[in-house]
Every structure is written in C-alpha cells, then in structure tokens.
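The chain contents come next:
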Amino acid sequence: MEQNLEQFARTVRNDVMDMLFAAQSGHPGGSLSCVEILTALYNGVMRIDPKNPHWGERDRFVLSKGHACPTLYAVLAEKGYFPKEELKNLRQLHSMLQGHPDMNKCPGVDASTGSLGQGMSMGLGFALAGKRPGNDFRVFVVTGDGESQEGIIWEAAMAAAHYKLDNLTVLLDHNGLQIDGSNDQVMSLGDIVAKYKAFGWETVVVDGHDIAAITAAASAPNTSGKPRFICCNTVKGKGVSFMENQVGWHGKPINQEQYEAAKRELEV
Amino acid sequence: MAEKQSTRIAYGEALKKLGAVDQKVLACDADLAHATMSAYFADEYPDRFYNFGIAEADMMAASAGLAQCGYTVFANTFAIFGAGRAFEQVRNAICYTNANVKVACSHAGPSCGEDGGSHQAVEDISLMRTLPNMTVLVPADAVEMEKAVFAAAKFNGPCYIRTGRLPTDICTTAETPFEIGKANVLREGTDAAIIACGIMVPQALLAAEALAAKGLSVKIIDMHTIKPLDEEAVKAAAATGAVVTAEEHSIIGGLGSAVAEVLAESACGVPFERVGIKDRFGQSGKPAALFEEYGLTDKAITEAVLRVLAKK
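In the order they appear, the protein sequences are chains E and W.
Counted the way our numbering counts, the first sequence spans residues 14 to 281.
Counted the way our numbering counts, the second sequence spans residues 9 to 320.
Pulled a few chain W residues facing chain E out of the computed Cβ check, cut under 8 Å: (1) A63; (2) G73; (3) L74; (4) N100.
Below 27 Å or equal to it, Euclidean Cα-Cα: the simulated DSS-like pairs (lysine-lysine) are: (5) E:K118 with W:K162; (6) W:K190 with W:K12; (7) W:K32 with E:K177; (8) E:K177 with E:K210; (9) W:K162 with W:K32; (10) W:K235 with W:K162; (11) W:K162 with E:K144; (12) E:K118 with E:K265; (13) W:K294 with W:K307; (14) E:K144 with W:K25; (15) W:K32 with E:K118; (16) W:K235 with E:K118; (17) W:K222 with W:K319; (18) W:K294 with W:K12; (19) E:K239 with E:K208; (20) W:K307 with W:K243; (21) E:K276 with E:K265; (22) E:K144 with W:K32; (23) E:K101 with E:K265; (24) W:K222 with W:K307; (25) E:K177 with E:K208.
Because the hints were derived from the structure by calculation, they are not lab data.
A quick note: this is a predicted structure, and the numbers were derived from the prediction, not measured.
In this text, a Cβ means the ideal position worked out from N, Cα and C, and glycines have one as well.
Whole structure, please, built from the sequences with the hints as guidance.
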C-alpha cells in the first residue's frame, strides 16, 4: 500500500511536469511541494466517491493555495474524476482545467480558489455546513505559508475555533518560500504552529513528504471540539533537484532541456 | 404617503418571515445584527444564524461555502463593508462561483447621517453591478423590501440588496407588482420621465406633484432592479422626450450610469440629467441637511426635470 502511494505520488509529479511543460506557464515549486499531502488525503483520509463528485455527504477538499492546482488536477484524474487526457489542456481556452481551480468547470473541485486566503474561509463555511443538522462531513483545506500572511486566514482561524469546528483540518504546505523570497525575507510567519495553537487549534507537525505520517495525522479522530492544524514541513520543488528550494521556480515556464532533466529524475 | 418606515426594518422582518417558511435559509452578520436588523432572524432562529465578528471578508467567503452546501445565505453588514471592504470576496467567493448568497447591506448613502463619510457608501451599486452573475436590488420602500427579499430567495444565485437606516415614505402598496428586472411605473406622464431607485422614489413622486402643479405630466419609474436593468422601461421613459434619474448614490456608476448606457446605445438623443451625489464623499449631519447639501431632494429633482425640459 505504502509503496503504491509512493508510486501514486511519482505519477502525480510526472503529470505535473507534463502539464506545466505543455502549458508553458503555471507554478512548479508549490505544486511539487504538496504532492504527498494531496496523495495522502485522496487515498484513504477523505470519504469521497470519484464517480459521484457532488455526493452530498462527501468530505470537502479546498486547495486554498489554488496556484498549486496542477497537483490537484493530476490527483483528480488519477482518481478517475475525469479522463487523464484532459491534463494536456491545462490553462487553455475553454478548458475545465483553469489556471486556478474552478468548481463549476472541473469535476471534483469543491471550491474555486486562487485568490489567496479565501479558500480558508470557504472551507470554514463548508465546515459550518458539515455541523448542521442532517450533515456529517469533514473538511480538509491546504494552505500555503506565503498565503498565511493574508488577514482573512486569521479571521477564519478565529471563527473556526469559536464555532468548535473539529470537522475542519487545515494542512499547511510549509515550504518556506514565496514569490519574492523566503518567508523570513518577505514577511516572517514567526512560530506559525504556536500562532494556530494560540487561536485555539489542535496542532500537529509532520514531515510533509511522509505520506504515512500525513495520513496518520489527518485520519486521527478529532472530537476535541477544536479545529486541527497540521503543519506539513515541505520542500518547494520537491522531487526535481534543480527546482528544490529555489525561489525562482515559483512560477516559471519549463524549457525543453529542463523538462527532459526533470522527467529523467522522476522516472527512476 | 403618510406612513414612514426604514427599509432595514422591513428587511429584518421579511428575513424572519422567510426563515419561517424556508428551513434552508441561513443568516450571517459581522457584529452589526442590531443595525442591519438580521437580529430579528437571529433571535427567532439562533441555530440558523452565524456571527462572524468584525470580519466581513471571512463572512462573505464562508457564506459562499455554506451556500455551496445547499443553503440560501443572507450575509449582512453595512454597504461600505459588504460592497467595499469585502468586494473581492463577493467577487471571487460569491459571484465567480455563482453561490446562492444574498449580500444585504444597510447604511448606504448619506441617509445614514451622523456616522459620516467613512460609513456612507456612495459607490456600492456601482461596484456590485459590474460583477457577472450579480443581481442588484434597491427597493423603494418598506413594502417593496419585503417582496424583494422573497424574490431574492426564490432564485439560486448572488444578489445584492441595499437597505436604508432612515425611516422613509412608503410609496408602493401590497398590490404593486414586484418582479426582478421589471420596473414599476408608479405614475404615468407624457412630458418627461424620472427613473429613480431606493429612497429617491418617494422624492421623485413629490417632484411629479410639484411639476403637475405647473401643468407638466411626468412619468415616475421605480427602478428597483439596477441589474438586470429593465431596458424597455428606459426606452419607454425616453419616449417622453426627457429623462432624469435620481439615486442616493454617486452619479458615477450607479442607476444614472446604467440608464445613460441604455440611452446612449439606443441613440434616442433625449435630454438627460442624473440627480445624485456629484463625485464627493459624504459627511456627518442630519439626513435632511445632508440631502440638501448633496442635492438629493424632491426640489433638486424638480429643477433637473425643468432643465431637461428646456432642452427638449
């Protein structure tokens, strides 16, 4: 099983490279850093039915750092929400695979995101709905660390604790980098785990590339009355050596030579 | 038109009535429930009400999340915060996703009085009508407000509803029809037409009385829906040969602009004037004094009609 998921993650990375090379635009670094997080969530953590994407009782997923959508699209295609051949249409006119996720165009996308911070609040709304009479679903939101500089993140963090939303899990893809530099160069997050704790959240720290660890943290039952924050320590550009920890690979087109080098590494 | 009531109170009462007949209706507020009057709903249905604290951006995007799970969500705050501060959440979380959220905003325009220019939204209609998927309603009085709330709940999609704090004249009746996108002619006339929305509708009717005393026949159109605009009603107004718009809002981007767009594209060439706020911010003062200062009176409308008639 574990080995299968490693393979799943490798397939996703390959798909992400294919999509971004074909599109000649998009965001490689932050897509590669969250591959294991999404691999874990879609393979055993979340209650989903790819054949019935609008199933009312499904767990909801929000990619609040919407620019990492190539990873989401690759995962959704791999799970059977839509045919894999769609992946080549990323960012093309009339494509269901918009540059940032569109819930009304792409099956399996629960929330349209891309404007940073808003996905967190949409996830909060889902979680409030999940607690309403007759509903019983959980909500998983993946945020970015640069994104955590948005004020709305903390408005939502406060509200989630206030409403005791223990059906809400936020997973931070903590790769440490953003467009203009490292988090610390641009706007320090300080001790982000302590911040969530102070906001009234249950907090966990995991290796964000350890599928088993993410699965364990995200699957653990939560009846604490507190929302859960999982700080996933990750490497931006993970899996492609020349992209790893490189600020410049946030959003840069991949040329033929780079594409071939990346594919050689990923096919091992 | 003896009776006065604020549209925000009518809104609050209508929302409570709606809550009784539709269990899927939820209400959200950002610590202004006793000003927007969502408190009437909150007191009756506390389990269907969410207070987000003073965090409008979070409220709008969370309202979209709630709506996407099958609820009809009324998100309440002041116009300056709903249309202004949280504009991008209304755009991306609500309109871009076509979420079933009704953004209901009170304290728009100088009629909210003493709070001053920081709180008097004069650009909310303009901002909201630029958004794809958005319907924009500005009911004329308390009676029309109740119909607007029920009509907004009937369709699945975003809607902006503008409510007011000041008790104003009731100028429609229970029998006056209300259909989104279909203007109401409250008075027929042949010399000129006044197209008004919100609390300027009763002012327009007063202006029509004054003009009638001068022997002039003026048509009054209650344009309660700014978007989708009733273009046929605008063209019918133009058929009188002179048109004036009246709104408690900037003349840039609101009802006046919307009507001007239709008039210009129909190439009817009628004399036209916009009564509204002339590219200024508001300020503190009693509502009546502010209406004088900003030219939002029946007298200002009357004068505008006389000016366009002179150009006919």
